[in-house]
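Visitor: Here's the letter readout for the chains.
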Amino acid sequence: GQQVMQIPQYQHVQEGEDFTTYCNSSTTLSNIQWYKQRPGGHPVFLIQLVKSGEVKKQKRLTFQFGEAKKNSSLHITATQTTDVGTYFCAKFTGNQFYFGTGTSLTVIP
Amino acid sequence: DAGVIQSPRHEVTEMGQEVTLRCKPISGHDYLFWYRQTMMRGLELLIYFNNNVPIDDSGMPEDRFSAKMPNASFSTLKIQPSEPRDSAVYFCATQLSGANVLTFGAGSRLTVL
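So the protein sequences, as listed, match chains D and X. Using my numbering, read the first sequence as starting at 153 and increasing by one per residue. Using my numbering, read the second sequence as starting at 1483 and increasing by one per residue.
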């Protein structure tokens, strides 16, 4: 259906370690978006990818869109405590946004 | 712009009471979405409006839930009567057509005892 699956559900890392979350769809995506929700906060838009194989970077964050446009990943290099939160992927289709289940990241100082 | 403004931020009520959540969208944004977030079910779309008109309410869980958008700067989500399983964070989010980006409000945390 319209679901996007996200793994892992939870991830605990030591500060300074890398972190990756994956988003998968059974159907081809026209776009994929990523949002971050801090604990107690609300989702905030990070980025949108639309092209096959696209890679975008925001400082220590690297976003990738798969060649087949069925998967995406968010990689954080050298995590910091400010990276704590839940990261959601979402697809926008038919004027609706369908969110993944999210990956909750805990960074241990 | 002050962003999407939701009220109340927190609401604690007893089962059977009516709950009204409010949202003021970003000026000019013509799409408004209501989401519910729980640990078990994640972010669920309840209903969305385009130019104040409800487009898809298939996510509204039951007849106890209703939403209105009487004008471009105000929307409400009402639960009557409320039940403990309605406890969740309710987010309002708005979008400018063509921009494909959702801007969320801070959310209303509802606890039904």
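Quick caveat, the hints were computed from the structure, so don't treat them as lab data. Among the clues, some could well be false.
To be verified - Below are the DMTMM-like pairs computed for lysine to aspartate or glutamate, each with C-alpha atoms no more than 25 Å apart in a straight line:
#	chain 1	residue 1	chain 2	residue 2
1	D	LYS222	X	GLU1493
2	D	LYS221	X	GLU1493
3	D	LYS209	D	GLU219
4	D	LYS208	D	ASP235
5	D	LYS203	D	GLU167
6	X	LYS1560	X	GLU1493
Claimed, not checked - Reference excerpt, derived from the structure (chain X facing chain D, CB under 7 Å, subset only):
#	residue
7	MET1522
8	PHE1556
9	GLY1580
10	VAL1583
11	LEU1584
12	ALA1588
13	GLY1589
14	THR1593
Stated by the list, open to error - Just the calculated beta-carbon pair ranges, DEER-fashion:
#	chain 1	residue 1	chain 2	residue 2	range
15	D	VAL165	X	THR1502	20 to 30 Å
16	D	PRO191	X	PRO1490	14 to 24 Å
17	X	MET1521	D	VAL196	18 to 28 Å
The beta carbon of each residue, even a glycine, is placed where N, CA and C say it ideally should be.
Visitor: Which of the numbered hints are not met once you compare them with the structure shown?
Guide: Failing hints, ascending: 1, 2, 5, 7, 8, 9, 14 and 15.
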